[in-house]
Amino acid sequence: GAVVSQHPSRVICKSGTSVKIECRSLDFQATTMFWYRQFPKQSLMLMATSNEGSKATYEQGVEKDKFLINHASLTLSTLTVTSAHPEDSSFYICSAQKGQRGAYEQYFGPGTRLTVT
Amino acid sequence: RKEVEQDPGPFNVPEGATVAFNCTYSNSASQSFFWYRQDCRKEPKLLMSVYSSGNEDGRFTAQLNRASQYISLLIRDSKLSDSATYLCVVNGASSGTYKYIFGTGTRLKVLA
Numbered sequence: 001g002a003v004v005s006q007h008p009s010r011v012i013c014k015s016g017t018s019v020k021i022e023c024r025s026l027d028f029q030a031t032t033m034f035w036y037r038q039f040p041k042q043s044l045m046l047m048a049t050s051n052e053g054s055k056a057t058y059e060q061g062v063e064k065d066k067f068l069i070n071h072a073s074l075t076l077s078t079l080t081v082t083s084a085h086p087e088d089s090s091f092y093i094c095s096a097q098k099g100q101r102g103a104y105e106q107y108f109g110p111g112t113r114l115t116v117t
Numbered sequence: 001r002k003e004v005e006q007d008p009g010p011f012n013v014p015e016g017a018t019v020a021f022n023c024t025y026s027n028s029a030s031q032s033f034f035w036y037r038q039d040c041r042k043e044p045k046l047l048m049s050v051y052s053s054g055n056e057d058g059r060f061t062a063q064l065n066r067a068s069q070y071i072s073l074l075i076r077d078s079k080l081s082d083s084a085t086y087l088c089v090v091n092g093a094s095s096g097t098y099k100y101i102f103g104t105g106t107r108l109k110v111l112a
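Quick mapping for you: the protein sequence lines, in order, are chains S and E.
Here the first sequence is numbered in this note's numbering, starting from 1 and rising by one per residue.
Here the second sequence is numbered in this note's numbering, starting from 1 and rising by one per residue.
Derived by calculation from the structure, the hints in this document are not laboratory data.
Lysine-lysine pairs mimicking DSS-like chemistry, simulated, CA-CA at most 25 angstroms apart: (1) K55/S - K99/E; (2) K99/E - K98/S; (3) K66/S - K14/S; (4) K42/E - K79/E; (5) K41/S - K45/E; (6) K99/E - K66/S; (7) K14/S - K64/S; (8) K99/E - K64/S; (9) K41/S - K2/E; (10) K42/E - K98/S; (11) K45/E - K79/E; (12) K41/S - K99/E; (13) K20/S - K42/E; (14) K55/S - K98/S; (15) K41/S - K42/E; (16) K45/E - K20/S.
If you anchor each label on the Cβ, the simulated ranges turn out as follows: (17) K20/S - G58/E: 33 to 43 angstroms; (18) K55/S - S26/E: 24 to 34 angstroms; (19) Y104/S - E3/E: 13 to 23 angstroms; (20) K42/E - G99/S: 14 to 24 angstroms; (21) P110/S - S49/E: 15 to 25 angstroms; (22) M45/S - A29/E: 19 to 29 angstroms; (23) G99/S - Y70/E: 18 to 28 angstroms; (24) G16/S - L74/E: 43 to 53 angstroms; (25) D77/E - L74/S: 40 to 50 angstroms.
Please read all numbers here as calculations on a predicted model, not as lab measurements.
Glycine included, C-beta positions come from ideal geometry on N, C-alpha and C.
Bound-form chain S, shown alone (with noise of 0.2 angstroms):
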């Protein structure tokens, strides 16, 4: 199997608040994880890689101050929205990569909709 939990699954924070979402691979080991986000009616954003180890990679335009990206084991990685603001709502969703080189599949985690007050 190929299972991806996600925690939480819905918060509401105030503005200014840090926010920690864990992204968990249940029955495989993730070298590489991505953190991704969603706004509504629009497609999958890509934020991050998350690689084991090691420092994660952002995306252009992606804030790594205020998207603090933790990989610490090959199960799980953690992202923490620093001093949120209601711009920073979204649905934010992870996925873990499986396979080997040349047939990586990614499997998601089922998404944390983040809301700031």
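Chain S is already provided as a structure; the job is to place chain E on it using the hints.
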């Protein structure tokens, strides 16, 4: 030009109809191609990978045309449960990584 382009739809079709979606991509070096399905407010789920020779899984058939840089998905005998957004996904091979590039998705509504 977007890296992956899809007709956003919606496609409204009656049950039992055959419907086809197309997707074009701009990076000729892309190596892997997928169709994902996303239900409202849910995560994307892998529907099928797309192989050069074309592949079929039940009512679903995927085709890849590398020369024209497009991918297609054909759904036969559509069911109400097929209603969803279908995402075309291409890997970003040019950077040497396996990043996915998503199309904006095509919405399908199957009507009773």
